[in-house]
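Chemist: Assemble chains B, C, D, E, F, G and H with the ligands onto chain A, guided by the hints.
Take a look at the letters that make up each chain.
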Amino acid sequence: MKKELVSGLPKLWAHNPAERLECPGCQYPLITRIVYDVIDELGVEGKTILVNSSACGYGIVLTTSVDAMFPNHGQGIDVATGVKRLLPDCFIISFGGDGDVAAIGAGAFVNAAQRAEKYSMIMVNNGHFAMTGGQLAPTTLMGQVTTTSPEGRGPAMGYPARMPEMIATVQGTAYSARGAANNPANFLKTKKYVKKAFQKQIDNVGFSFVEFLSACPTGWHMTPQESIKWVEEKMIPTLPLGEFKDVDTLD
Amino acid sequence: MKKELVSGLPKLWAHNPAERLECPGCQYPLITRIVYDVIDELGVEGKTILVNSSACGYGIVLTTSVDAMFPNHGQGIDVATGVKRLLPDCFIISFGGDGDVAAIGAGAFVNAAQRAEKYSMIMVNNGHFAMTGGQLAPTTLMGQVTTTSPEGRGPAMGYPARMPEMIATVQGTAYSARGAANNPANFLKTKKYVKKAFQKQIDNVGFSFVEFLSACPTGWHMTPQESIKWVEEKMIPTLPLGEFKDVDTLD
Amino acid sequence: MDKSVSKRADLIIAGLGGQGILMGGKLLATAAMSLYRCSLWLPSYASRVRGGPSECTVIFSNDDIDSPILSKAYAVILVDPPQLKLFEQRVRSGGYLIVESAGLNETIERKDIKMLSVPALNMAVEMGDRRASNMILLGVYLGVADSIPVPIVEEELNRRFAKKEKVRLLNLNAFRKGLEEAHKLAA
Amino acid sequence: MDKSVSKRADLIIAGLGGQGILMGGKLLATAAMSLYRCSLWLPSYASRVRGGPSECTVIFSNDDIDSPILSKAYAVILVDPPQLKLFEQRVRSGGYLIVESAGLNETIERKDIKMLSVPALNMAVEMGDRRASNMILLGVYLGVADSIPVPIVEEELNRRFAKKEKVRLLNLNAFRKGLEEAHKLAA
Amino acid sequence: MGERLFVIGNEAIGWGALNAGCDAYMGYPITPQNETTEWFAKEFPKRGKVFVQSQSEVGSINIVFGAASTGHRVMTSTSGPGWGLMQEGMSHLANGELPCVISLVQRGGPGAGTTRHGQMDYLSATRGGGNGGYKNIVLTPASVQETHDFVQLAFYLADKYRNPVIVMTDGLLGQMAEPLELRKLDFGSLPEKDWAVRGRANQPDGVRRVVTAMQGLMPTPPHPPYAGFLDLLKVLNEKYETMKEAEARYDTYMIEDADLIIVAYGYTARVSKESLKIARKDGLKVGMIRLQAVWPFPYEIITEMASKGCRFLVVEDSLGQLLEDVRIGVQGKTGVHLLGALARHDPSDGGMILPDSVLTEIYRLME
Amino acid sequence: MGERLFVIGNEAIGWGALNAGCDAYMGYPITPQNETTEWFAKEFPKRGKVFVQSQSEVGSINIVFGAASTGHRVMTSTSGPGWGLMQEGMSHLANGELPCVISLVQRGGPGAGTTRHGQMDYLSATRGGGNGGYKNIVLTPASVQETHDFVQLAFYLADKYRNPVIVMTDGLLGQMAEPLELRKLDFGSLPEKDWAVRGRANQPDGVRRVVTAMQGLMPTPPHPPYAGFLDLLKVLNEKYETMKEAEARYDTYMIEDADLIIVAYGYTARVSKESLKIARKDGLKVGMIRLQAVWPFPYEIITEMASKGCRFLVVEDSLGQLLEDVRIGVQGKTGVHLLGALARHDPSDGGMILPDSVLTEIYRLME
Amino acid sequence: MAKGEIVIDEMYCRGCGYCADFCPKDCVAIQEDKFTPQGYPLSSFVRPEDCTACGICSFMCPHHAIEVYRYVEE
Amino acid sequence: MAKGEIVIDEMYCRGCGYCADFCPKDCVAIQEDKFTPQGYPLSSFVRPEDCTACGICSFMCPHHAIEVYRYVEE
Ligand SMILES: Cc1ncc(C[n+]2csc(CCOP(=O)(O)OP(=O)(O)O)c2C)c(N)n1
Ligand SMILES: Cc1ncc(C[n+]2csc(CCOP(=O)(O)OP(=O)(O)O)c2C)c(N)n1
Ligand code: SF4
Ligand code: SF4
Ligand code: SF4
Ligand code: SF4
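Chains as they are written, first to last, in my numbering: chain A, 1 to 251; chain B, 252 to 502; chain C, 503 to 689; chain D, 690 to 876; chain E, 877 to 1243; chain F, 1244 to 1610; chain G, 1611 to 1684; chain H, 1685 to 1758.
Hints were generated in silico from the structure; no laboratory data involved. Source: prediction; values computed, not measured. The beta-carbon is built from N, C-alpha and C at its ideal position, and this holds for glycine as well.
Heads up, incomplete: computed chain F residues facing chain B, CB under 8 Å, no partners named:
1. P1272
2. I1273
3. A1284
4. Q1296
5. S1299
6. P1324
7. A1355
Just chain A, with the same shape it has in the complex:
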């Protein structure tokens, strides 16, 4: 009997375990797997440039075998604009944490969409600032304890940001969705979202955006299993999965 590989290392893989420093059970690499595989499926690998400004993503995104950029926290959105404008034929993905997109980079994010920049943005939402030690992020859920909301997030600290819903109202946005990988079905659905988002870029329609809810067991002080449950039972009810915009022309 012959064996055929069904699934293994993601496509676009630079075999370098030294650079793979994510925590056990971290779901971050699942979205990178999705992104890498979709790039491969769309056949755009040779012209892809990944721009990563998500903090925990630094080591994780470095596993790619394609051109990559690592600007500072919050800058990846504008930096991607710079790359895409100079290389309109290239395929540009910008990765950001929820801190990047919803906090420090929110102005860049809104304006990239307003200008209808033709690249794709992935926001990895792990509900807090993981790299710096688990502070409140705009996406933090109500009641969630972080190092800067030690009593849990209360209304005095505002309410969880819903970026895909918000950016869907901007005319320059071609596609906006929220996915997760709390189970295999949602993993596969998220992959579909990502593929659609990327196709908008290929078709030069407009700005495309996918938020990914990502379990962070270490940062949340949970077992991996508890962290998946948290995504399911806490995050998804507040931050529903699905598509919020999907158009083929912006006019």
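Modeler: Same frame as chain A, but now just chains B, C, D, E, F, G and H with the ligands:
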């Protein structure tokens, strides 16, 4: 026969013509009149602090008789947060141009709403950066000629920002609307919007926001009459007047 | 100024925003390019106020132009008469202060300079457009200073307004009126 | 070190993140506060990597503590044996290198320091929780260095874990096991 | 000795602020100062004080602008890239003459550099990294206790001069724990903040207040603030000159007979002192000037010692920034040497300058 | 003489960029440099080149980061508060060693100050206003032609050193019109930009490229960029030292026999030269050093002239920034005087330093 | 019959004409041959008889140049 | 009968247990007493017989430690 004053100088007026340096036909002072009069009607004059970071608003807002602040372009949103947090019993209005709110201050704007800051924000949309000589703003209409879109805004420069629609999607926003003063009826409707927005602050509900479409005859190189027509025939169809969010609790 | 050698000329035009101050100066400076090795135009206007004080410096020279800023100039064109006393001080000894007469109700004290009071606004209104007054004053200046041959200025003027025939004609006529006026005044 | 005068003691604890390196050092430094005029704890850990190299410096002294950084210390506790060669160099002459024996398969070359190899991990597993191994090593250190009286350390330990009785007991017992082990090794 | 806490430098900033009567903190997380932000998140709300986690450092500094305008004592803290982002705001605070405290916990740069420690923001802190030329006092503590005390001093100086004051440490001092005696320091009385906005009904004179970053100054009543630009410059210049006269701070150690003087601040000053003492035991005439403030800079003492023929060794964890000031002071009279960041002992981002390296350099220079 | 345009300094920046083969401009409006932004908006799209109006100066500088990473020639321009906002980005560009050009048209500060002109960003431009200690060449033209030429030089130097280069003028030079001869300058050949990202299929060697602002450097292949932090510092230090050696630029005027030397750059250099010529006619031995670059700074020539006993007069429209560098050069050997922004002739924001003021100061000093 | 009257302040009027545009009774008009001290064309209360004292000309005036009074029976 | 098989790379596995959680056929389990070289509990292919080669354990593994092979008739 006795005479009774029906309408004259706005309330909260500091009689100082030297500081009134707006261009002939500029509609900016109409929104300040609305704001001043509503503050007076709500009886909060004594605890009002105006924060202005709109550029042409500098001279215009200086006409108030209440405490006022003039931080730099783009900063008025965060500055208002600082003032309100330290003086929660005071009544804080932040004025911004479309450049302030939709461009340089977009991140501050989105995050003030996300944190449900309890003050009121007025955005004066004159469709371009007036003070610096009429450059493209995120709100500039398609086809509109500015000094940085000399051939008219085309899709390569993105699409007009719709801030009230966008900010309405943020949970921390209590109120969001768009008004104009292209005719007396809309002037009065805008005044109602402003009053509602201010009431949200008084009731401590959340962030409140009103956009005001403002004719800028000088900057647009039009007569005042042409500029009113432009508001009516070009701006309003793209940026419809009305309320986009009005809630009494954020949960 | 020695009209034949013409090694350097300088001029301040002062008034209010909207009076064509900056445009007039730039026109001269551009025209001067073909004649002088160096030519310089420096505008100066209030930043926030539309319609506030406005001023420009024009210098042409065959030597290097060092300072772009003039403490004093050979000629000052003052379109806003209330500022007379201020600009009296900015004329170099032996030079000219050319001033709009409408609204002028004082005179200068200095004996070492000449003041030419020109009813440019009235003349312009008579010509059909008050906005042409700046060209009249420019004409007066060239009439007395002769720093650039008239045809060169007219050529530049024609080039600048090539696409707006009515404006071109208006300005050209105003300029010529100013030259005439200069000769009258000089006489 | 002169145990009776005890003017200054210092210590480096090194290992990997998650081995309780930083906590152990801070416990000692806090306990030392009541005894010494000065006490200092300086952590040092890799920024990006969870589980990377981790190290802390502990100094107590009745004199001012100048440098918070030690080129060498009287004692080094090494929880990560593969780094033996590196830390052999960081022990002061006459001092101790206390090293976890599980995974240790070399020895030191220097003759002027003493190496104590301690099966702390095994001992901790026997006690029911591998995470207690750091307290065992701390006990060994105090057993040989005697820089702080045992009751003071135990008091601090009890305070720190006051709210978690099981953890408190585990750590206290581990610490005492370490002390015993030190006496065995010293014997 | 009173009750002492055992806390890290980043927490001492919080305790110092509390003892200074600070009312509000606004900040954004960045390593290695996160414990400061977290301290305020934990300790301030429960005391009814204001904690705002901003959306960025541009946000922090502008929220500070608003908060400081109300006359309350307010502060923020940051590091590295966050400090870079605050430069425009610093300039506007200077223009508006708004008192506030910025805790700057230096890390290594440029760019994201290392999240650990470094002394690489000296020039941007002392020269006004932002636009337009402004000055602020920069205090440089070297211990946990001094950090706590200097934060209080900083609030006092900020109010005294109506100017931002920076307390500059580094990741090493921030992460390091030492005993801290909590104490409220009294520096004397201060004028009323009669320029603050608080709503006209709350102004004793019923006259509006205006705060602006546009053309300088918040003249106390009568407003309006139309002081010309030149007036702003004159006022600022006078203030800066006064600060230069009055606020230089340093301590000296065995400089009287020294042939070589080490100039340093913060962690490298402590490292250097250890080496210096060893060298002294060896009979080498080494002394030290430890800077407790790096702006204003005590050029006079440097010039004086240089005139006596002393040579200088600058020990700083950078490519040579403090070095520039020492050179200005020395005026070419003697030699100035640098032991800088290239002497970090470890190629990874954890390296620091060790006592051994300083000692070796002392011996090399004294040979 | 070839065909000449009559353009203002802000437009000359555009023409210079075009002649340098600049591919992209990104910027945000701010007075007094709006004509630059507008020039690119008008001239670049129709030539198939990239113009992006960013949402802020933080946006500008980060879009520059992205654009420069592709190996194209890119630039931005700004002034005052916009410059303040770019500081963090400048630091990251330095870390990533990305070549690009920043046109800085100085206005008066601090804060929003005046929108007119000033020379108040000298220190933040030369000292690295942002975090972490970095250096960049700062070219300071004094005419429209020189502005155009120096923009081309800036692009060359940026590529040569893989470092941002600043062209620093001011509102006055920016608004002033002079004849401009368009000419393409040739500075010699440059290495391939083999480090640039462009998609792996477009890399001749098929190996990925990595650009980072995190821990320095984009080593040309083989990657990865895991140079340690210390390695980054060493590389940067070496580069900065090379620039210091090679890139100081100035011209001198009648300094040989001078008793007093004026040091200035930009508009105040031109103003000063006029006064100097008058003073010379009067027999006063005044000379001038006009700086064409303010970083690196030509300390040697200053020291040399100071050693001969020359005194110095610094003329700059600030409270004394260039002054610091001249002091470093003079080394206390002779006197250094400042004619600064307090000598602006007009209390409003329009004031400038007039030739008369400089002349008076020369006479005062030469009395 | 006039229900009220308006007062136009020459110092403030800048001749934009909004009062004339929006007055529902056409009581106000720009006088192209009269100028304000600042040189702008001046607005005038040309048909006082139809004024209803609605206030529109006043609140639509950007330069706050108009006061509107209503006549009230005593 | 097994439709395929999986290979777990000890070097990569970090014992998070997602493979075990999500394997629809319960073929994978964490062996609490076995450790990876890095010291993490190790995942094992405990019931190979039911494996359908669906690939889930592989793509749900964050650490890319699992390869899934499907048997194909030749
Ligand atoms: C200007 C600036 N401010 C702050 C930081 C510190 N910082 C690094 S990552 C980060 C937030 C990380 O959160 P997020 O973007 O959600 O990414 P995650 O770590 O969760 O992947 C912060 C605040 C920085 N590097 N630069
Ligand atoms: C950081 C910074 N960038 C740019 C500017 C220049 N600037 C002043 S106002 C302005 C835009 C004005 O547009 P808008 O906010 O729409 O107000 P308007 O003038 O139209 O009232 C700009 C770009 C500045 N002052 N500060
Ligand atoms: S901290 Fe959280 S997000 Fe970051 S690598 Fe660990 S698990 Fe993943
Ligand atoms: S430029 Fe436009 S917005 Fe500004 S004062 Fe004039 S009319 Fe009003
Ligand atoms: S609306 Fe006001 S400013 Fe305009 S014309 Fe009428 S009175 Fe004059
Ligand atoms: S999902 Fe991967 S890392 Fe996690 S236990 Fe299974 S094989 Fe190991």
